[in-house]
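Residue numbers (our numbering), protein chains in the order written: chain A, 1 to 280; chain B, 281 to 560.
In short, the hints are calculated from the structure, not lab data.
Hints may be right or wrong, so weigh each one.
Derived PhoX-like pairs: lysine-lysine, alpha-carbon spacing no greater than 25 Å straight-line [said to hold, decoys possible]:
id, chain 1, residue 1, chain 2, residue 2
1, A, Lys136, A, Lys73
2, B, Lys388, B, Lys406
3, A, Lys197, B, Lys406
4, A, Lys197, B, Lys416
5, A, Lys99, B, Lys555
6, A, Lys108, A, Lys84
7, A, Lys126, B, Lys477
8, A, Lys236, B, Lys516
9, B, Lys477, A, Lys136
10, B, Lys377, A, Lys275
11, A, Lys275, B, Lys379
A short list of chain B residues far from chain A (calculated; beta carbon distances all over 10 Å) [what the hints assert, rightly or not]:
id, residue
12, Ser327
13, Ala333
14, Glu419
15, Lys539
These figures come from a predicted structure and were not determined experimentally.
Note that beta-carbon positions come from the ideal geometry of N, C-alpha and C, so glycine has one too.
2 protein chains.
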Amino acid sequence: MNIGFLHPGAMGISLAVSAQATGHQAFWLPEGRSEETRARAATHNLSELDSLADFCETCDIIISVCPPHAAVKVAHQTLEFSFKGIYADVNAISPEKTKSIHQLMTSKDIEFVDGGIIGGPAWEAKNTWLYLAGQKAAEVAACFHGGLLETELMGPEIGKASAIKMSFAAYTKGSTALLCAIMAAADEMGVRQDLEKQWSRNGSDFTERTHNRLQRVTAKAWRFSGEMEEIAATLKSAGQPQGFHLAAGEIFHRISKFKGADSIPSVEDVLEALKHDSKI
Amino acid sequence: MNIGFLHPGAMGISLAVSAQATGHQAFWLPEGRSEETRARAATHNLSELDSLADFCETCDIIISVCPPHAAVKVAHQTLEFSFKGIYADVNAISPEKTKSIHQLMTSKDIEFVDGGIIGGPAWEAKNTWLYLAGQKAAEVAACFHGGLLETELMGPEIGKASAIKMSFAAYTKGSTALLCAIMAAADEMGVRQDLEKQWSRNGSDFTERTHNRLQRVTAKAWRFSGEMEEIAATLKSAGQPQGFHLAAGEIFHRISKFKGADSIPSVEDVLEALKHDSKI
Numbered sequence: 001m002n003i004g005f006l007h008p009g010a011m012g013i014s015l016a017v018s019a020q021a022t023g024h025q026a027f028w029l030p031e032g033r034s035e036e037t038r039a040r041a042a043t044h045n046l047s048e049l050d051s052l053a054d055f056c057e058t059c060d061i062i063i064s065v066c067p068p069h070a071a072v073k074v075a076h077q078t079l080e081f082s083f084k085g086i087y088a089d090v091n092a093i094s095p096e097k098t099k100s101i102h103q104l105m106t107s108k109d110i111e112f113v114d115g116g117i118i119g120g121p122a123w124e125a126k127n128t129w130l131y132l133a134g135q136k137a138a139e140v141a142a143c144f145h146g147g148l149l150e151t152e153l154m155g156p157e158i159g160k161a162s163a164i165k166m167s168f169a170a171y172t173k174g175s176t177a178l179l180c181a182i183m184a185a186a187d188e189m190g191v192r193q194d195l196e197k198q199w200s201r202n203g204s205d206f207t208e209r210t211h212n213r214l215q216r217v218t219a220k221a222w223r224f225s226g227e228m229e230e231i232a233a234t235l236k237s238a239g240q241p242q243g244f245h246l247a248a249g250e251i252f253h254r255i256s257k258f259k260g261a262d263s264i265p266s267v268e269d270v271l272e273a274l275k276h277d278s279k280i
Numbered sequence: 281m282n283i284g285f286l287h288p289g290a291m292g293i294s295l296a297v298s299a300q301a302t303g304h305q306a307f308w309l310p311e312g313r314s315e316e317t318r319a320r321a322a323t324h325n326l327s328e329l330d331s332l333a334d335f336c337e338t339c340d341i342i343i344s345v346c347p348p349h350a351a352v353k354v355a356h357q358t359l360e361f362s363f364k365g366i367y368a369d370v371n372a373i374s375p376e377k378t379k380s381i382h383q384l385m386t387s388k389d390i391e392f393v394d395g396g397i398i399g400g401p402a403w404e405a406k407n408t409w410l411y412l413a414g415q416k417a418a419e420v421a422a423c424f425h426g427g428l429l430e431t432e433l434m435g436p437e438i439g440k441a442s443a444i445k446m447s448f449a450a451y452t453k454g455s456t457a458l459l460c461a462i463m464a465a466a467d468e469m470g471v472r473q474d475l476e477k478q479w480s481r482n483g484s485d486f487t488e489r490t491h492n493r494l495q496r497v498t499a500k501a502w503r504f505s506g507e508m509e510e511i512a513a514t515l516k517s518a519g520q521p522q523g524f525h526l527a528a529g530e531i532f533h534r535i536s537k538f539k540g541a542d543s544i545p546s547v548e549d550v551l552e553a554l555k556h557d558s559k560i
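Construct the entire structure; sequences and hints are all you get.
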């Protein structure tokens, strides 16, 4: 089958490679994408197409894999052409937003699958899970069975795959943002060293792990900001407070400037960025 | 010396016992306190006094150890009498609130010490730390040197002990509240089992630890709600978002009804309580 990816970043490329390993051809659309993405696609032999019109003609299944804020736009763009296959949105968006894209697709008789990815890019086994929900979920899962991506079927109900993705990321990313805020506050109040000493009592490596989390998240913070808004909306719809993740979004916004940085910033650089922002 | 405790709960009693072990006499004021507290004070041989007037006359040092929302009230009540010793506020309150109590005390020529306690009641060594700041911090620390309570001096600046207490609790209690919200949302969305399965991958005991945290926090949630407001104010003053801990306060408010429960509630009971509240 012909599987199209809109628009593969580090994660999307690894999905495309899993589809190739299963015996499918993986397509992408280079127009408007970065040099880094082009190089990645070339390295992994993704097939280029020149226009979204061609893409919609060629592909049997389209996988939307992009930053959360772009998910609805990508869906609308696809609807402008006569796509007749399965459209799978595997982005980090709320179940409600997923359902709205489902409705869009259904209005044009396009089969829709809800997806959510947990883990980093799928370059090793048992490390990355694609959760899938919807009537055609098994068909999308079958695209990847020969690769390193793990798949999990969540039944026919659209929203379930997004729900588990949001729930899982709510803690991993929410707690990282919380630590960022606490470290910056402790530093501002002049008690960071004392806090780190307390965290290190009884031989704990909590301080080192926290430093590592602050430093490593900087490369991805630019897109986590939008994801936190999706998680906030998800918790609100489920009757829980949205404040944790609105605050987390603000934190990731403050450190979004590290996108594409040449090297991993120091803890001090991260704290400096966390302390300077116009909004609170 | 005569050390007075206003108003010892589980933590305060353990402080009083550390003071006794150091050779001091520990006083308390039974008026208006619960049967449980009276039984605890009797077990540990605290000395009763009949009135706050007597208390202020008798004690060389007063330790205010009470729920956060009561800290200012206890300070004002003490000022109505002619106390002439050292007043140490060791409560979980923001540095700003601590400074306001400091000003109250200074206006009556009472020496003030800022304190913050990290850890549970001090019934074993290396488990509970009393951080102290202010000109007389060392004198308050000396009250406990013969007991199981560890003390740490933070220098003369009022607010530093509260700052580290707030920073430390911001993560331990904030992340517990975050997990409560996520578990309740996942349950509401019908993906809790899937989330717990994902958390348990690769042999992790994260699900068991999370269940344990949800269940154990219920007994203390009634006073954590106010502490979260103090932490939110602390982060805001330090230039960070307050949303994490306002949300955490809401979460603890929802499960505050478990105060004094005869047994530890089931995970299902905790989730049920988390789902029902008038405010969001």
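Exercise for the section: Please write out, lowest number first, the hints stated earlier that are contradicted by the structure. Expected result: Hint 2 contradicted; others consistent.
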